[in-house]
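Go by the hints and put chains B, C and D with the ligands onto chain A.
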Amino acid sequence: MAREVRVDQALAAEYGLKPDEYARILTLLGRTPNQAELGMFSAMWSEHCSYKSSRKWLRRLPTQAPWVVQGPGENAGAIDIGGGLAAVFKMESHNHPSFIEPYQGAATGVGGILRDVFTMGARPIANLNALRFGAPDHPKTKHLVGGVVAGIGGYGNCMGIPTVAGECTFHPAYNGNILVNAMTVGLARIDRIFRSAAAGIGNPVVYVGSKTGRDGIHGATMASAEFGEGSEEKRPTVQVGDPFTEKLLLEACLELMASDAIVAIQDMGAAGLTSSSCEMAGKGGVGIELDLDRVPCRETAMTAYEIMLSESQERMLMVLKAGREDAARRVFEKWELDFAVIGRITDSGKVVCRKDGKVAVDLPVGPLADEAPLYDRPTKPTPKAKPLGKLPAPRSVGDALKTLLACPDLASKRWIWEQYDHLVMGNTVQRPGGDAAVVRLPGSRKALALTTDCTPRYCQAEPEAGGAQAVAECWRNLTAVGARPLAITDCLNFGNPERPEIMGQFAGCIEGMRAACLALDFPVVSGNVSLYNETSGRGVLPTPQIGGVGVLDDLTFGVGLALRQPDLALILVGETKGHLGQSLYLREVLGREDGPPPPVDLAAERRNGDTVRALIRAGMVEACHDLSDGGLLVALAEMAMAGGQGARIALPKGASPHAFLFGEDQARYLIATSDPVGTLSVLRAKDVSAQALGESGGRTLTVEGHCTISIAELRALHESTLPALMAAPGR
Amino acid sequence: MKAAVVIFPGSNREHDIAAALEASSGRKPVFVWHGEAEIPPVDLIVLPGGFSHGDYLRCGAMAAHSPVMRAVKTRAEQGVAVLGVCNGFQILTEAGLLPGALLVNAGRKFICRNVNLRVETSQSLFTNRYERDQVLSVPMAHNEGNYVADGDELDRLEGEGLVAFRYCRADGGTGDNPNGSARDIAGVFNRSKTVLGMMPHPENASDPAVGSIDGKGLFDSLAAALK
Amino acid sequence: MKARVRVTLKTGVLDPQGKAIGHALEGMGFAGLGEIRQGKLIEIDLAERDPAKARAQVEEMCRKLLANPVMERYAIDIEG
Amino acid sequence: MKARVRVTLKTGVLDPQGKAIGHALEGMGFAGLGEIRQGKLIEIDLAERDPAKARAQVEEMCRKLLANPVMERYAIDIEG
Ligand SMILES: Nc1ncnc2c1ncn2[C@@H]1O[C@H](COP(=O)(O)OP(=O)(O)O)[C@@H](O)[C@H]1O
Ligand SMILES: [Mg+2]
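Residue numbers (my numbering), protein chains in the order written: chain A, 1 to 731; chain B, 1 to 227; chain C, 1 to 80; chain D, 1 to 80.
Bound-form chain A, shown alone (with noise of 0.2 Å):
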């Protein structure tokens, strides 16, 4: 029998608990709660389990739509893309465990958004990732990027869902603080989804998939708090990922689910038992008995507050009908995983854990799950950017195309995607390096485009504008394939939020993002909220990272960028003002990261993206990208590089070169037609601006009276910087 820890407010505070936190619960309770209860509480009140601090604004989210099946609040978020079928998605952070142990962090990243998404029925055929790691030349960084491409391809590639997109960009505020945020997409049956809120009283409770081990225990308090110089030494028992138990999981319970057994499913995630027990009996409304000598250890004489707080990956809570429990036993005994009646559904409205025979813990659910404090936080806006004022022009166009498309922010990420299995499921039609990734719905034409985006730097310079300017571009990118987009789900990555400016930062995304959901009819469905991103008071660029589904109801009608033939015309679509603030070019080029992001007007956003998309769904469109990062020629180029076709350029009468081919004004898109009368034609009749540039062809990228460089050269460029920085000396 384990030692009685003494529970006062100095462990309190050990656990995460603020002093008017700790005194919340003893008058809660009318006495002070045992280790494990301590210990409960405060994983539910911790940020990451309750939201404390991000709530309050989280509900100006627009969450609704016509084709919104299950909006926040779920394990994952779902939208109707017809048939029958529901698209079902989110996006997590495993920020701090990856930056511990980079591989096992990222991996059980991984595992743990896969784990959601196919709690809700839904077999995973998608994984997509957004990286966020320090300066390049950070003695940390390449050891990071090395482990956690290697924990995400790792995990995914085991599973067998192909990782299809992402992002990943570089710079010294995630120094101390990297970000590692992943998506998972899957497809359910509408009318088979399954949810988390437990009911039935007298059904029983019960756990599958791996034993319980002291691994992570207290990780949601560990998320919760900002890392200080000592924290690489505090380390905590690190999640090591086991993708074959989760494999198996997975089938077993997409098996178990094709029956009517399950009542209520939760994955158990951060503050494992904990968390999965007091939200579906939260939800339900109803109390829930738990006999912890039941459940299934891997070390010896666990006790109840190990046992309620482990973070032991690949386990799964359900809430069978009564009587099912031998059907779905030799379900899982057949998948050779874990199975055990833990517990009862009561009427108490209680959570209740005996173990050793002994009450351990007698809580009442209520408080655990929707009382915990709700903050409402000072906020400070953060300071309007000052104007840029002129700009040099570059001595040399060509020189600075070359330096866009060699900084690491800009190369080619074919060093990342080559280590994920992009296509196994056989259904990946369009592999990464484009706008969106295109997948197929297994046996149809249909097919999901998926993205992910945000601008950090944009978000730091002026909240609003980066919020709205992340929705937007991702949008956009599914736009570009041909796809409608239809939903979000986001990842929202801040500093630490009792910082006022930092619930400045994190209000003002919110409310760009609002703006440009409500535009574009582009609803939030499902989140993660990562505060605290910070290492000894210094935060890391906001990062309210979006991830988008879309659909494209016939293959026939994608695009992709390439340009594949000679003689297209090349058409910029959307307004060009030359907008050089918090730009590429401003940081590569010329040293310097100021001035303000690039304007956000959403209903052009609108009207050209709707253009856009009618043209290429009328077939006159043969390659299409969107303008962002490093503008029109870097669109130009990638668009060159990815199809081995030149092109030759323009310049309009009047134009300053640098502003027009890299500022990165915003609702642009660069299409290749060979049809151009008839696209200019539709474009001005939706009073949409738009320019003929020039034509496709050759080896060589011209730009008149500037430069010509071969495809080969910009080529070897883009694709060797991460090669190169991934080979340099040293861990």
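Hints may contain errors.
Sample of chain D residues at the chain C side, in silico, Cβ under 8 Å [said to hold, decoys possible]:
{"#": "1", "residue": "Gly39"}
{"#": "2", "residue": "Gln57"}
{"#": "3", "residue": "Val70"}
Calculated pairs, DSSO-like style, for lysine-lysine (alpha carbon to alpha carbon, straight line, at most 30 Å) [to be verified]:
{"#": "4", "chain 1": "D", "residue 1": "Lys64", "chain 2": "A", "residue 2": "Lys211"}
{"#": "5", "chain 1": "A", "residue 1": "Lys358", "chain 2": "A", "residue 2": "Lys211"}
{"#": "6", "chain 1": "A", "residue 1": "Lys142", "chain 2": "C", "residue 2": "Lys10"}
{"#": "7", "chain 1": "B", "residue 1": "Lys28", "chain 2": "A", "residue 2": "Lys402"}
{"#": "8", "chain 1": "A", "residue 1": "Lys211", "chain 2": "A", "residue 2": "Lys350"}
{"#": "9", "chain 1": "D", "residue 1": "Lys40", "chain 2": "C", "residue 2": "Lys40"}
{"#": "10", "chain 1": "C", "residue 1": "Lys40", "chain 2": "A", "residue 2": "Lys211"}
{"#": "11", "chain 1": "B", "residue 1": "Lys109", "chain 2": "C", "residue 2": "Lys40"}
{"#": "12", "chain 1": "D", "residue 1": "Lys19", "chain 2": "A", "residue 2": "Lys334"}
{"#": "13", "chain 1": "A", "residue 1": "Lys140", "chain 2": "D", "residue 2": "Lys40"}
{"#": "14", "chain 1": "D", "residue 1": "Lys53", "chain 2": "C", "residue 2": "Lys53"}
{"#": "15", "chain 1": "C", "residue 1": "Lys40", "chain 2": "D", "residue 2": "Lys64"}
{"#": "16", "chain 1": "D", "residue 1": "Lys40", "chain 2": "A", "residue 2": "Lys211"}
{"#": "17", "chain 1": "C", "residue 1": "Lys53", "chain 2": "D", "residue 2": "Lys40"}
{"#": "18", "chain 1": "D", "residue 1": "Lys10", "chain 2": "C", "residue 2": "Lys2"}
{"#": "19", "chain 1": "A", "residue 1": "Lys142", "chain 2": "B", "residue 2": "Lys28"}
{"#": "20", "chain 1": "D", "residue 1": "Lys19", "chain 2": "C", "residue 2": "Lys53"}
{"#": "21", "chain 1": "C", "residue 1": "Lys2", "chain 2": "D", "residue 2": "Lys40"}
{"#": "22", "chain 1": "B", "residue 1": "Lys109", "chain 2": "C", "residue 2": "Lys2"}
Listed next, the stretches of chain B that the computed footprint assigns to chain D, with coverage defined by at least 3 CB atoms under 8 Å from CB atoms of chain D [stated by the list, open to error]:
{"#": "23", "region": "60 to 67"}
{"#": "24", "region": "106 to 120"}
Derived by calculation from the structure, the hints in this document are not laboratory data. Built from N, CA and C at the ideal position, the CB exists for glycine as well.
Quick look at chains B, C and D with the ligands alone, frame taken from chain A:
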């Protein structure tokens, strides 16, 4: 052609290959669980790609001891065609049905990309729809595809014409070996050329809507040879 | 000199490989098996002739690269 | 009893992992390094009390599963 696809715990390309088999032969293959001791009467047994038993210890090592593998061996001895792709190839070498072994890629990384394969012979159940020296673009997706065998064994394989595919450049020349494989070997036959193991995935290059159809010839060959 | 480094997972850290090996061995009929853990073995040829110095050098390699202190520990054998 | 199995690549079989470790160590400034090879270490708890029998049992495990004779060899240590 009747085919059976064996599923091990951790297999994950069984549906990919089933679709390719069906597209070429017009018949859905049957799936057989690794714990079965018997395989129904079929013309072809397929061990698909994936991570059987998590690829733990060594890829394919644990699967090679599955009950079903005794039946696979018996059938192979009787001359039934056996195809192992990727993890299936690894399992076949571990089970002793094919010579050699597959080590971690020389670059120590998982690689997923299209590779060029040179068809070394059109004289087989598996390759009769290809021309000799034809170059195919087919995806690979593996971490352990670096084929090793001792020198004598390699000489024997080459001497007896048992190398099925080699990695090559787009023009068919040597010089593009993605994983360090001995003598650029991407696939080998057993002595009677009734068993083929290969690392790349022809099943992911068999559908015009998704990538190339360069891999379809393999399934067409089988469908033609096994009526 | 030759150094042999054994890198093993700390107790409590999940070892999926070891678990799977145990499973497979049981399936093959081996009985009486307790826990099985898989680790790494790294063999290093060193120019250093002094055992104490060799050990110190390998210690440093372990700390800096060979073992991941978050989840692994190591043991060093030095041989003639 | 406890058995410790060391599985190593045969001489002549290229060891990319070992090479990469050597590379990394050199990059970190370690000098005087010869060949570095990486192998596997498998630790097995056995119910068997008789060292000779334990060894025979583990031998069989190695032959049947733990090592692949095409590319690997193994060594067994039995401990109290
Ligand atoms: N971590 C990653 N994993 C998979 N694909 C990635 C990753 N990072 C970037 N990519 C791919 O590289 C391409 C370029 O990425 P990015 O520049 O972010 O595109 P965009 O600006 O169109 O959003 C995209 O196809 C993207 O999916
Ligand atoms: Mg894009």
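Checked hints:
The interface hint given for Gly39 (chain D) holds, since its Cβ lies 4 Å from the closest Cβ of chain C, which is under the 8 Å cut-off. For Gln57 (chain D), the interface hint holds, since its Cβ comes within 8 Å of a Cβ in chain C; the closest pair sits about 7 Å apart. Interface restraint check: Val70 (chain D) against chain C, minimum CB-CB distance 19 Å, threshold 8 Å, status violated. At roughly 28 Å between alpha-carbon atoms, Lys64 (chain D) and Lys211 (chain A) fall within 30 Å of each other, so this suggested pair holds.
Proposed proximity of Lys358 (chain A) and Lys211 (chain A) is supported: the alpha carbons are some 22 Å apart, at most 30 Å. For the proposed pair Lys142 (chain A) and Lys10 (chain C), the alpha carbon gap of about 25 Å is at most 30 Å, so the pair holds. Between Lys28 (chain B) and Lys402 (chain A) the alpha-carbon distance is near 52 Å, which puts this suggested pair outside the 30 Å criterion. A hinted pair counts as satisfied when its Cα atoms are at most 30 Å apart, and Lys211 (chain A) with Lys350 (chain A) qualifies at roughly 25 Å.
With a C-alpha separation of about 5 Å, the suggested pairing of Lys40 (chain D) with Lys40 (chain C) holds against the 30 Å cut-off. Proposed proximity of Lys40 (chain C) and Lys211 (chain A) is supported: the alpha carbons are some 24 Å apart, at most 30 Å. With a C-alpha separation of about 18 Å, the suggested pair Lys109 (chain B) and Lys40 (chain C) falls inside the 30 Å cut-off, and the hint holds. Restraint check for Lys19 (chain D) and Lys334 (chain A): not satisfied, since their Cα atoms lie roughly 42 Å apart, outside the 30 Å limit.
Restraint check for Lys140 (chain A) and Lys40 (chain D): the C-alpha separation of about 27 Å stays at or below 30 Å, so the hint holds. With a CA separation close to 39 Å, the supplied pair Lys53 (chain D) and Lys53 (chain C) exceeds the 30 Å bound. Straight-line distance between C-alpha atoms of Lys40 (chain C) and Lys64 (chain D) comes to about 20 Å, which keeps the hinted pair within the 30 Å bound. The straight-line distance between the Cα atoms of Lys40 (chain D) and Lys211 (chain A) is roughly 25 Å, inside the 30 Å bound, and the hint therefore holds.
Our distance criterion of 30 Å between C-alpha atoms is met by Lys53 (chain C) and Lys40 (chain D), whose separation comes to about 26 Å. Between Lys10 (chain D) and Lys2 (chain C), the direct Cα distance comes to roughly 17 Å. Compliance with the 30 Å bound is thereby established for this hinted pair. For the suggested pair Lys142 (chain A) and Lys28 (chain B), the alpha carbons sit about 47 Å apart, so the restraint of at most 30 Å is broken. Taking the CA atoms of Lys19 (chain D) and Lys53 (chain C), the gap is near 23 Å; set against the 30 Å cutoff, the hint holds.
This hinted pair checks out: Lys2 (chain C) and Lys40 (chain D) have alpha carbons roughly 17 Å apart, not beyond 30 Å. For the given pair, Lys109 (chain B) sits about 28 Å from Lys2 (chain C) by alpha-carbon distance, which is consistent with the 30 Å threshold. With a threshold of 8 Å between beta carbons, the proposed coverage of the region 60 to 67 of chain B by chain D holds, since 3 of its residues qualify and at least three are required. Counting residues of the region 106 to 120 of chain B whose beta carbon lies closer than 8 Å to any beta carbon of chain D gives 3, which reaches the threshold of three, so the coverage claim holds.
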